Structures are given as C-alpha cells and as structure tokens.
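Residue numbers (the numbering used here), protein chains in the order written: chain A, 25 to 387; chain B, 205 to 577; chain C, -15 to 367.
These are computed hints drawn from the structure, not numbers from a lab. The structure presented is a predicted model; accordingly, all values stated were derived computationally and were not measured. The beta-carbon is built from N, C-alpha and C at its ideal position, and this holds for glycine as well. Some hints could be false.
In silico DSS-like pairs for lysine-lysine, Cα to Cα no more than 25 Å straight-line [said to hold, decoys possible]: (1) K137(C) / K217(A); (2) K148(C) / K224(A); (3) K341(C) / K410(B); (4) K314(C) / K341(C); (5) K235(C) / K410(B); (6) K314(C) / K148(C); (7) K113(C) / K217(A); (8) K285(C) / K137(C); (9) K285(C) / K398(B); (10) K148(C) / K137(C); (11) K314(C) / K329(C).
DEER-style ranges, computed between Cβ atoms [as the list claims (entries may be wrong)]: (12) A57(C) / A345(B): 27 to 37 Å; (13) V288(B) / D291(C): 32 to 42 Å; (14) A61(A) / D92(C): 30 to 40 Å; (15) A163(C) / G418(B): 19 to 29 Å.
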Amino acid sequence: MNPVVRSLRQVGASLAGAKAGLSARWHAMGPSQRLSAYVLGVLALYLAPWWTEIPLLGSIVDTPGTQFTTVLSDRVIIFVLVALGLNVVVGLAGLLDLGYVGFYAVGAYTTAILTSSHASLPWLIALPISIVVSMVFGVILGAPTLRLRGDYLAIVTLGFGEIIRLSAKNAEWLGGSRGINDIKHPPSIGPLKFGVVDPKPYYWLGLTMVFVVMFLLHRLENSRVGRAWVAIREDEDAAELMGVDTFRFKLWAFAIGAAVGGLAGVQYAGKVGFINPDNFPLLLSILFLAAVVLGGSGNMHGAILGGILVSYLPERLRNFQDKRVFVFGVALVLVMVFRPEGLLPKRVGAKKAVAAPGEGGSQ
Amino acid sequence: MRDWLLYRTFWDLTITGLALGSIYSLVALGYTLVYGVLRLINFAHSEIFMVGTFGALMASQEFLGIPMLEDGGYPYRTGFMLIVFLMFILLCAMVFSGLGAVALERVAYKLRGNGDLFGAVVLAFLTGFVVSMVFVDDTLANVIVAAILTAPITMGYMSLFRRGKQSPRLAFLISAIGASTAIAEAMAIWGPEKREQYQTPRILEKDVLFTFLGADVRVDNLIVIVGALLMMVALTLFVNKSRLGRGVRAVAQDAETARILGVNVDMIILVTFALGGVMAGGAAMLFTLVYEQSRFNIGFILGVKSFTAAVLGGIGNLKGALLGGLILGLVENYASAIFGGQWKDVVAFVVLLVVLMFRPTGLLGESLGRARV
Amino acid sequence: MKKSRVLRASALLIGLSLVGVACGGDDTSSDTTAAAGGDVTCDGLKIAFFGALTGDAGNLGQNIKKGVDLAVAEFNEANPGCQVGIEAYDSQGDPAQAPALADKAVADASVVGIVGPAFSGESKAVNGKFDEAGLPIVTPSATNPDLANQGWKIFHRALAGDDKQGPGIVQKITADGKAKVGVIDDNSEYGKGLADIVQAGLGDVAVEMNSLDPEGSDYSAIVTAAKDAGVDGIFFGGYYAAAGKLAKQLKDGGVDAQLYFADGVLDVGFIEAAGPAAEGSIIMCPCAPKDSNADFLAAFKAKFNEDPATYAAEAYDAATAFLDAIAAGKQDRASILEFLKTYDKAGVTKQIKWDEKGEVAGNAIYAYTIESGAIVGKPGLIG
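Can you make the complete structure from the sequences, with help from the hints?
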C-alpha cells in the first residue's frame, strides 16, 4: 500500500487507540475521580491567560501579533457562547438559521442603548433586560416563520439578520453608521476590575457564563423539551403525529437560542465598549453556523470545539496574513468532506445512558 | 418618504429595474435548478457568477485585447465586429462559469458519496498547497510543492472515502460555504486586481434607442432584458424537450426511481450544475455589459439577492426564478426611490416574508419535479 | 507493535510542536539597521503603525506605512546611535480585530508612539485603551470630528477633521456659483457625516437625495432622481469605488452636473472606476498636493520608486513628530506626550502644532481635479 496512506492510517489508528484508551480509563474511573478530573479541567481553563507562559506548549498556543488573552476574551469566549446557543436551534431542534447574528446584535444594541445612548443604567441591569429582549425577538421571528419548511426558513432567517443590521445602520436613534460608544463595563467585583486595558476579568466572566449556560442547556436537553426537540429533528411529521406540539417547541428553541445569542452580545458590548452595524454582518452568521456544524451539531461539546476553532484559528494563523480566510475556506471543505458529521458528532439515539451530571454528549 | 419621485420617474425605474432583475433571474436559475434536483442550496453558486465576470474580463482585455480607453474615450466597436465580440465575451463567461460549476460539483458535492478522482485530486492539491504555505511564503514554490504532493495525497484520500455513505445535508451547505469562501479569497489573493474593484472595457455605445412613456430606453438595458429572456427560453426548451432535460426532470421528481429506470443520476447532477453555471455565465456577461465592473466579493451580495429571488418565485421552479428575479429588481428600484438606497434590502426581505406567509412555497410553487415546468 | 505506534505518535507530536514553534514567531516587521556615528542615543525604541495593511482598505494603510518608513529610515541614517524600529499592527480597518492588537501594543513597552489608528471606526474601539495606557497617538487619516471630543489626552490628528473639510467644500461649491446641488452619501459614518455638514452649509441650494449602497452596483434610482431634479452640481460623500460607479452612471444617464467629492475619493481607483466620466470632477482634501514639498517628493520617489499617495505625507509628519521627541531625549511615553503638547514645526504638509483637543493648527483644504485621466492640484486653494 502507498506509504503515505499507510502512515496516515497508522496516525489515525494511534490517535483512535489513544482515544479509546482514554475513553476506557474514563469509564473505569469512579465518580469522585471524574469529579476531580473535571475540577482540574475547569481550573486549567480559568488559568488560560497564562497558558502562553508554559515553555513548549505556550508558543504553540500563542497568537502572533495579537494579545492571546484579548483573543480569548473578545473572540473565543463570544464564539463559544454563540455556538452553544445556535446549537440549540440548529443542532437540537434541526432548524436551519442563517441569521443568528441578529440575536447577537439585539443583545449588544439593547445593552448599548440602556447603558449609553438612551439611558444610563449599569451593565448589570442591562444584562437581564437584553436577554429578555433577545428572547422576544426570537419569538417575533419564530411565530410567523416556523411554519415554513427547512430551507425556506434559512432564507427568512437570513433576511431577518440583515433587517436587524440595516435597521441599526439606518436608524439615528440606534446610532446609525456611527454606532454607539461609551457602553458601560461590568461592575468591578473586589480585586477584579473591568477596565479598558486588562482583558482577564472579561474572560473569566465570559467563561463563567459559558459554564452556567452549559449547565442549563444540559438540563434542558435531558428534559421533556429536549426530547421533543430530538423528535422534531429526526422526523417532524412523526413527532406531530405522536402528539408533540412541534410549533411550540420550535418556538422554544428559537427563544432559548436567541437568549444565549443575546447574552453573547451583552458580553461583547460590555467588553469593547463600542459597537456599530459593521460588527454584525451576514458573514458572521455564516461563521457561527460553520462553527456549530464543524464541531458537530447537536453535541454541546462539539459546538464548543467548533466555536473555539472558528474564532481562534484565524488569529493563530496570522502568519498567513492575507491568506488566512482562504485557508479557513479550504479547511471547511476538507473537514466536511472527510468528517461530515463534524469533529465531535452527536450520539444518535440509543445509548444516551444514565449519565453523571455534567457529562454531556462526548463519545 | 419620496413617493412623488416614484410617480414622476416610474417608467425610468421600471426599465432599469427590469434590467437589474433579469440578471438576478439568470443567477436565480442556478440556485433553483440545483435545489429542484438535489434539494440542496448551492451556496457557492454566487462565486460561479463571480468567476464568470472574471471570464468576461479575460475575454475582453486579454483575449480580444481591448484597451480600457482609446484616445481618451471609450473603445467603441460597431456593427458586425461588435456582435462578434459580444458573443465571444458571452461564450468565455459561460465557459468559465460552466467549468467552475462542474469543478465545484466534483469537489464539494460528489466527493463524499463515491470517491471521485477529479475531486480527490483538486482537494489533494489544495491540501498540499496549504501545507506548504505554512513553511514557505512564496506562491510559486507552494504550487510546485503542491503539485509534487498531489499524487500521494490523492491516493490517500481515495482510500479514506466511505463508499456510498450519505452525508447529512448541513454538511453540504457548510462545504459549499467553505468552497465559496475559498474561491472568493483566491480571487482576492491571486486575481488581477486583488481586493480592488476591476473594470471591463466598454465596447458598446450606450445610446438611448427610444423613449417609452417618457422613459429613456438605453440599448444596454434592452440587450440585458432580451438576452436574459432568450437564455431562459433556451434553458426551458432544453429541460422540456431534450433527453438530458427529461433526465433532469426525472431526477428532480424522484431520484431513486429514475436510477432504477436506468437514468445516470450522477451525470444528470453534473449537467444540472453545468446548466446553472452556464446561466450564471450569461448573467455575468450581461452584468459586465451594464456595470462594467466587478470585484472578488461581487458574488456574495448578488448571490444572496438571487437566492432570495429564487425563493420568492418558488424554488425549484424555472419560471418562478424569472418572476422572482424581475420582481426583486423592480422592488429594489422602487424602494430605492421612495425610501432611499439604504432601505432597499430591508424592503426586499419584508416583501419576501409577506409572500412566504401567504404562499409558503413561493409565488409559483415548486414544480421542477412535475411535468409542467 | 504497540511500541512503534507510540513512537510514531510521539514523532508526530514533536513534529507538530516544531511546526507550532516555527509558526509562533511574530509576523511584524522590525526595521532596524545598524550604522556608525551620530549624537542621539536610544535603546530599542519603536514607533508603531496601526491600521489596515491587508483587506479591502489595505491600499490606504500601505500608503501611510510608507510615509512612516521614510521618516524612520531618514532618522536612523542620521542617528546611528539611535536606531528606531517600526511595529506594524494590521487591523484591516476592522474595529472587531483592533482591540486584540491594541492590547499587544500597550503591553509592548518598547512601543512609544503610534501613527494611527487609520480609521475612525477602529479609533473608537481602541483609543480608550491607548488613553488609559498613556500611549501617544497621531492619526494621519481619521477625520471624524467626534474623535477630538472624547477627552482622550493622547489623541492628535495630523490633518483637518471633517468639521473643517465640510465648510471648505461648501465654500468651493458656493464660489463656483452652483444653484442646485444634490447631496448624496454612502450611508457610512464618514460619508454621511460629511454629507450632512455639506448639506447644512449649503442650505437652500442643497437638494437632499437618498443614500446609496456602496456595495451595490445599480444606482439607477439615484441617477433618475438627479435627472428629475435638474441639479447643476452633485456632492457625494463616500469612498472612491462607489464614487467611480456613481460618476459613470450619472454621465451615462445624461446628468450633466459638476461633480464634487471629498478626500475618500482622492485615489487613482476613482479614475479607474469612472473612466472618462471622471474628467472634470473636483475632489477636496485636507491633504497637501504631492508637489508641495519637493524634498519630500524626491526622497519618497527615491526610496519607493513611486509617488506618495493619499496620507503618506501626513504620516511622514506624524512620524517626524515622534522622532523629534526621541531626538530631544524624550524616550518614554509620558515625556513624549508632554513634548507633543508644545510641538510647533513646519511639516511637509502644514504647520504641525496641536491644540488641547489634539486638532492640528494648519487647516487648509485643497481642491484637486481630474484632468486627462490624472489627479491635478487645482490652483486657488481654499482655507
């Protein structure tokens, strides 16, 4: 056999072997051991701003030309939140949404209006209000459109995202093309100062939000609502026949997805302090969708991985300079060709066994 | 709101709106054909159009050697020469777009199912190219390395394919998105004008031919409207009367049954893509005729609009693509006049939403699969 | 068997790490040339460029960086004991990418001054960071008037803002005696802002027209409206690509008005996009004509083999201010900031002297026109 193929096969085999080995060890561990593993993992994530200091690993992970921690707080954590939210819509409920950036924008703009241009509320108050407003928009979008079939929904949601962006751009009270600046930052908690220069507190805040959202979504996935979503995704007509109120549950998916998207928007606005309509282009919706599908739609961990890759790789690959978007496009095609179900595919049906709390959907 | 403007200039706006809409219609045909036959949204069709404009540029500037300016004015041509040149540019654009569509199908769509050699070669070359980019910054060196690596990687890819396994539909969409991004960026990086707008020379003198109810009808508008109609008629005849066309309709109706009955489904899919590409090439030539410019990302916006037009008219329906495109062109122009250029896209999407609420499968419904097209 | 698998896997991992290390280097360009002699000494200081070097607006950033490159090269040659480096932050003009780069600049203690940010959008996103860090900036191109009113103590501008350019344009149009002028914009912050100022200044002479979509190709609605209104002059606030399309479609549509534009259109790209329709257009700019300073023109041509383009000269002046500070012995951010407060010198474009908001003293607006397919400085400047 061809030597290249042979070595590729062997790399694949050793990686699979390593994965299987780890998987076996994982399942063999008792609950307390797993818990400590989780705690260590979470701790490592909180210590991410210092990963670049580690001797060999650090230079692989570091982003050339930009500040690693800022990439984490401004890009990665936002994309992870968004991917989690979009995963609910696309992955769990099976609704093709090409306008998710709209909810992200609504969250950001609501915060901006409430803390800067039309009122002077603190960020902490703006946070829940923005999430609720995003949910309302989710319902507004969903109600008339969820009766449409899959691909029609795609173009309608795309239009929705664009309507939001263009309305923001054209309306003076939303700042117009100028955008809104002086958005308030989150309040300082003890030694953590949410200022202009240090990105670490923002990263930690975002990371905490990610864990909270993961926990809530996991509960949701394993509830009646989550099962209804799986039923709708797998065969909507059958679900309808079995008595599942598909419309209501699809609307729920939209609303929850919108809420998480809005949350990401609030986090972004609070960090950068300035937003304008150009921050929310259609391209971003596409990137969000690519993140979820690349990582493995329907699988929370897959979505997170996808979000990390899509936000981190362009910054990591700054060496390619102008060519990095091209490389990204080629990478998308390659992954979809060889692994169309995503990097971490969901486990279809069957053994979604008695999972320990927080285990999620890893293989 | 300036509705008085609409009344005073209604017919001017209508003529130019129909011309713009004709271009949308031609591109919409590509989306509608692929959707009708495969039930897939070909996201990269917009870049097929862009490649066609590049073909038109190559044709007029390189192959025909027409300069941008002649003695400080436009390089007009007349009579027989003009027609020959225009036909040649049209042919080039169609060839560029058609080939692009075929290559796209082989790489991004067909690949997974049965392990196609051509697709594997292209992907292997790209993989080699990207890998070499990591180490060396010189394009020529990258091409050479990629060429060397193509053979072994191709063999590797061929053996890695899962034979006959179907992929989730979302995977096609993302793959197309990746391809679309890669093609546009490739044009931006290695194309003639990089990320700048590039111009095509004007060989047709844009006289006003006649006035219709107070509106000037220019020769280029007329050519676009008539040309698009002719191309659509040709396509409809092909789909309705030819053997391949019958195959297309058969596969659109029921691919499995068609396969059992002996239709070469893979070939039909290829033909479908090619047809869409050729139509996009025609649109590209007409586009460069009127606007005389293009850009690496021209496909993106036009693609979204054309796809909207296809859905508006009824996706999977050829006449629907025509209707949807024309309506969209008109709506954009009228909305621009009344509300301003910044709101025209919002109006267009709202119109789409309203139409879909009352007719969920578009104005004319889906019908490529039925005998009546 | 298992051992060889492990070995192969480790080899792969090591290989990947090496790739990572190879890739992990900075892609910034540090310009340090060693020489001999000279009286100023310094150690490892850098001036940074912040703006778009690649992407849609890359041309503009490239021009600016060349101005900086020239100034620094001349300084380094004259002062062998003090070799100043250049750090380039490529934001692609994108306010979403800018913060991560800005943090890097702030964290790099050897960066003592920034020429940039080049665009107003990214300025709004990051100037606050520079302000908090006390890192002085001089922008050679961001003309948005708002920027000077944010209270940033580090902010300086090397050219007149749009609040000066607007009245200059109004003055020119009025001087040309136009009776009915259509005012069009591209709905961008820059274009709309400028168009609003011009419209207000023209008063009754102005005919308000709709915005156009710079990404779109078809402006027939606007052309129709202009023809219907019978304007004898048109002002468009926006950038060169859209301006070119507009000019061409206006002329083709039979609109015979005099076309006026602003600094965003002052680029060869306008002539390319508009073709013969560009002829006779008037373009205003707070940037000086390239032949206004013969020495600068000659030096630029010698180094880059091309003429300086838009904002290159302003960038040269900006960099010179920083370099003069270094030469005067001010070698950290705080003292350079102090130095800039009282800086008063004739640059290649204008008198470089800043008020307390960071606006520059020399406020000339120049008028250019397109003649025989080339940009020509029109005699009889404004301001």
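- Message: Hint check: K314(C) vs K341(C), CA-CA at most 25 Å. Holds or violated?
- Response: holds (22 Å)
- CB-CB spacing for A345(B) and A57(C) relative to the 27 to 37 Å hint: holds (29 Å)
- Message: Given the hinted pair K314(C) and K148(C), is their Cα-Cα distance within 25 Å?
- Response: violated (32 Å)
- Task: Below or equal to 25 Å on CA atoms is what counts here, so check K137(C) against K217(A).
- Result: holds (22 Å)
- Query: For the pair V288(B) and D291(C), does the Cβ-Cβ distance stay inside 32 to 42 Å?
  - Reply: holds (40 Å)
- Does the alpha-carbon distance linking K285(C) and K137(C) stay inside the 25 Å limit? With a Cα-Cα distance of about 35 Å, the restraint between K285(C) and K137(C) is violated, given a limit of 25 Å.
- Mind checking the hinted window 30 to 40 Å against the Cβ distance between A61(A) and D92(C)? holds (38 Å)
- Message: For K341(C) and K410(B), compute the direct alpha-carbon distance and say whether it is at most 25 Å.
- Response: violated (52 Å)
- Task: Would you check the hint for K314(C) and K329(C), treating anything up to 25 Å between C-alpha atoms as holding?
- Result: Holds, at roughly 17 Å.
- Item | Hint consistency between K285(C) and K398(B) [alpha-carbon to alpha-carbon, up to 25 Å] | holds (24 Å)
- Given hint K137(C) paired with K148(C) - CA-CA distance at most 25 Å: Satisfied, since the Cα-Cα distance of roughly 21 Å is no more than 25 Å.
- Query: At the C-beta level, are A163(C) and G418(B) separated by a distance inside 19 to 29 Å?
  - Reply: Since A163(C) and G418(B) have Cβ atoms about 25 Å apart, the given range 19 to 29 Å holds.
When each numbered hint is compared with the structure, violations occur for hints 2, 3, 6 and 8.
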